[in-house]
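Protein chains in written order, with the working numbering: chain S, 6 to 241; chain P, 13 to 131.
Derived from the structure by calculation, the hints contain no laboratory data.
Beta carbons: idealized from backbone N, C-alpha and C, even for Gly.
Check each hint, because a few of them may be wrong.
What the hints assert, rightly or not - Which residues of chain P face chain S? A few of them, derived with a C-beta cut under 8 Å, are: (1) 80; (2) 94; (3) 124.
What the hints assert, rightly or not - DEER-style ranges, computed between Cβ atoms: (4) P/81 x S/64: 48 to 58 Å; (5) S/133 x P/36: 51 to 61 Å; (6) S/90 x P/25: 31 to 41 Å; (7) S/108 x P/105: 39 to 49 Å.
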Amino acid sequence: MAFRDRLVATIRAARPIVELPDILIIGSEVPNLLQPGAAATLVVSLDLDIGVPVHRHADVKERISELVEFTPSADEPSVWTPHSPHLLEVNFVGMDPAQDPADAYVFEDDRLPMMVFGALSLVCPGASTEIEGVRVRLPHPAGLLLEKLVTERTGEKGERDLLVALGLLDAVSRDDLEQFDAAYRRLRPELRHAVRSNLTVLSLMDPRAGMPDPRPRRADVAALFRRLEAGEGQGS
Amino acid sequence: MPSLEYRLRQHRRRTLVRSWEYRQRRHAHGVWFRLRRVLANASAACVISGEDARALMADGLRPEPVGHELDPPKLIIFAPAERIAGLATARPVAVRLSAEVLAAECLALTRFEGSRDEN
């Protein structure tokens, strides 16, 4: 089964949740869904991350029983595993716009607990799009790109997440970059340094199967790095 | 929810490490960022001999300060692509933190177009 078919089937199966107001598809599938026709050729991933603003948690919980094709994982209750191998896992991730970008907390709940990552406070809703009959809302690319670059990235997953940022760079417009730049300037110095540091890591990465190849985009990464570095004080 | 609590502890541990690294950025630990920063601004890299490196410096090109922070030190010099192409010992290497790049005593780099000379 083609990856895009699994992704689309998963979105259909998660329809009761993803069509709720303010619910966002976040994470590695966003570059795939931003491609023309949601072509899903950029990032091969085994999960679908669903961003749940904490003020919408009750709405999601009310409809969670409609996710009939998934079962919550015993090990990780924010992850719902599919019954069918033709579907992807669904991960529920909390979003709290009031949170510090470097912080995280557990939103405790007996049915649907979630990790709430502060970096997701940088993400705001973007366009809604229809994926084969299901209306989903994606994040604004600028905010998601910043979230991907500001988050501490270590190990295999960290590097894959940086390649998702590369996929987002493909999708951003000039206006998006202006917004990205403005949001970057509002970060405190330590987090701005983290963004620039992650860009240097991204620039020097080897290609990985099923992910965007960083090598042909090194010039774009370098240009973005220079843009961000402009105006930074010596040693910041 | 032990798994979520575990993830939370991991996240906070990474955040603490990052804060420490940020405070170290002007000191020895920051050398890796400074080295990556130089390499990230390079479109191409060649390993060159010490003699060729000295020839580039004789042209007025200055080595990147980060090279002197490494042990053993390296001469890392940005130069025009055509000048590097004329060096007898220039051997192209991929621009990444590979064993080959880390082992090189002298590196000649080409800047991406639009990148300014910061020496």
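Query raised in the report: Can we keep the residue 124 of chain P interface hint, with Cβ of chain S closer than 8 Å?
Result: This hint holds: residue 124 of chain P lies near chain S, its Cβ roughly 5 Å from the closest one there, short of 8 Å.
Query raised in the report: How about residue 94 of chain P: closest beta carbon in chain S under 8 Å, or not?
Result: violated (19 Å)
Requested in this report: Take a look at whether the Cβ-Cβ distance between residue 108 of chain S and residue 105 of chain P falls inside 39 to 49 Å.
Outcome: The hinted range 39 to 49 Å holds for residue 108 of chain S and residue 105 of chain P, with Cβ atoms some 41 Å apart.
**Report entry** residue 64 of chain S and residue 81 of chain P - C-beta distance against the hinted 48 to 58 Å
**Finding:** holds (54 Å)
Query raised in the report: Falls inside 51 to 61 Å, the C-beta gap from residue 133 of chain S to residue 36 of chain P?
Result: violated (44 Å)
Report task. Classify the hint on residue 80 of chain P as holds or violated, based on whether any CB of chain S lies nearer than 8 Å to its CB. Result -> Not OK, violated: residue 80 of chain P not within 8 Å of chain S, min 17 Å.
Query raised in the report: CB of residue 90 of chain S to CB of residue 25 of chain P, is that within 31 to 41 Å?
Result: Holds: the Cβ-Cβ distance is about 35 Å, inside 31 to 41 Å.
Going through the hint list in order, the structure does not satisfy hints 1, 2 and 5.
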